[in-house]
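**Q** Position chain V against the provided structure of chain A, taking the given hints into account.
Below, each chain spelled out in residue letters.
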Amino acid sequence: MPQSASSRPSWLPASEGGAELMGLKSQWDTGRLPDVIGLLARLILGVVLIWAGAAKVTQPAKSALAVRAFKILTYDVAGYVGYALPVVEILVGLLLVIGLFTRLSAALGGLMMLAFIFGISWAWAHGYSIDCGCFGGGGTIAASQTKYPLDILRDVGLVICAAWLVARPRTAYSLDHRLFG
Amino acid sequence: MRPDAKKKIAAAAPKKGPNPVIIGAVVAAVLIVGVVVAILIGNSSKSGTAASGNAVPVGVVGGTGGGILVDAAALKSSVPTVDVYADFQCPICGQFEKAFGPTLTAMAKAGEVNYVVHMMSFLDTNLGNDSSARATNAAACAADAGKFGEYHSAVFAAQPAKEGDGYTNAQLTEFATTAGITGPALTTWQKCTTDGQHTQYVADVATTSGKAGVTGTPTVKLDGKDITKTLTTADALITQVKLATK
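Here the protein sequences line up with chains A and V, keeping their order. All residue numbers in the first sequence are consecutive under my numbering, ending with 181. All residue numbers in the second sequence are consecutive under my numbering, ending with 1246.
With the rest of the complex left out, here is chain A (with noise of 0.2 Å):
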């Protein structure tokens, strides 16, 4: 814009550094590195979703067992939240390689990461020794093999990839920017 040069702060100064600043915020906006980087963000929640969805989906009744195993939720609600959880996972997973919404599926995924997080941390808070179920498995086991800081380490890498593409939800080779432009 022709106007931009005048309207500038009067304390920046006249030389560069209004340019430089507009330079950095159209490499944010447009850049490619942070389109890649996008990139990489959205299939590295979406493909961890996915697994997590797929380990998970054809034994309902072992899912619902290792949600129950947190005692958060109350019997019944536990049972519906691990039915329903792997199915969700692997969808907003799609969403997430495909970069179909990608914002919207990226702040569910990153809400679930923050749940698991609560989760996790409630257990171990409580002293109980469960697996986290979160690829499989689950329920009761040796105090000696629960591994809450490597899972919670894990969920808190995943929700800032989630918070990245929030933030910056434009990324390379998404469906969004194709059909959405």
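No wet-lab data here; the hints were simulated from the structure. One or more hints might be untrue.
One-sided excerpt, in silico: chain A residues whose CB lies under 7 Å from chain V [what the hints assert, rightly or not]:
{"hint": "1", "residue": "Pro60"}
{"hint": "2", "residue": "Ala61"}
{"hint": "3", "residue": "Leu65"}
{"hint": "4", "residue": "Arg68"}
{"hint": "5", "residue": "Thr140"}
{"hint": "6", "residue": "Arg178"}
{"hint": "7", "residue": "Leu179"}
Just so you know, these numbers come straight off a predicted model, no measurement behind them. By construction, the Cβ of each residue, glycine as well, lies at the ideal position given by its N, Cα and C atoms.
**A** For chain V alone, coordinates are given in the frame of chain A:
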């Protein structure tokens, strides 16, 4: 028409190409249908063990899905109650039985404690077999013959070294003999076991225990309070029971 009006109309008109709202609606519909179907399948798999018999075994206390009272005819209000939740295929339950079973049985026989055993069967789900449910049904049939405690011990004594190997029907019959079920009682036991007469009870115990917050085995409750983590030795158990006795 003003000169720029045409442009404005063109900009306001929907762009050519797919409509995000329609795609969004389709995705949402797939999600909802998927979730509903998953819950329906999950619920049906839960009640899948169609009851061929729904008789409640002898010795069950605390409702149709309650545990079986060991070595006593009725609950005594004057002594504490120890509820043990276990699964015949759970290795730690086998170790628990070895370490605490004889003590609990002795105290039950002496009338010092109400020893109630809840046999769960969720490991069938985890291990992909039906040994826990079959063994629990067989143990419930032994309860009808007044030999639950003996049968229960016999099963745990023969627990396979490898979790998941389970129990054969022939083994279940051996346990009946070990438990001292003989003659006509053995015939009745065999029929009860083969017909799965307590299949519904087995499912009820699993559900009732789950609703009582038992999500892992073994779980031990003293007068309703979970004391599993405090049980290091048999003496620790005896001390706690004595403390709870008024």
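**Q** Let's test the interface hint: is any C-beta of chain V closer than 7 Å to that of proline 60 of chain A?
**A** Hint on proline 60 of chain A: holds, closest Cβ of chain V at ~4 Å, below 7 Å.
**Q** Take the shortest C-beta to C-beta distance between leucine 179 of chain A and chain V; is it under 7 Å?
**A** Holds, because the Cβ-Cβ distance from leucine 179 of chain A to chain V comes to roughly 5 Å (cut-off 7 Å).
**Q** Against chain V, is arginine 178 of chain A within 7 Å by beta-carbon distance?
**A** 9 Å, violated
**Q** Does threonine 140 of chain A pass the interface hint, meaning its C-beta sits closer than 7 Å to a C-beta of chain V?
**A** 3 Å, holds
**Q** Given arginine 68 of chain A as an interface hint, is its Cβ closer than 7 Å to any Cβ of chain V?
**A** Since chain V brings a Cβ to about 5 Å from arginine 68 of chain A, closer than 7 Å, the hint holds.
**Q** Report holds or violated for the interface hint on leucine 65 of chain A, using the least CB-CB distance to chain V and a cut-off of 7 Å.
**A** Because about 6 Å separates leucine 65 of chain A from the closest Cβ in chain V, which is inside the 7 Å limit, the hint holds.
**Q** Taking the closest Cβ pair, is alanine 61 of chain A under 7 Å from chain V?
**A** Hint on alanine 61 of chain A: holds, closest Cβ of chain V at ~5 Å, below 7 Å.
In summary, the structure is inconsistent with hint 6 from the numbered list given earlier, while agreeing with all the others.
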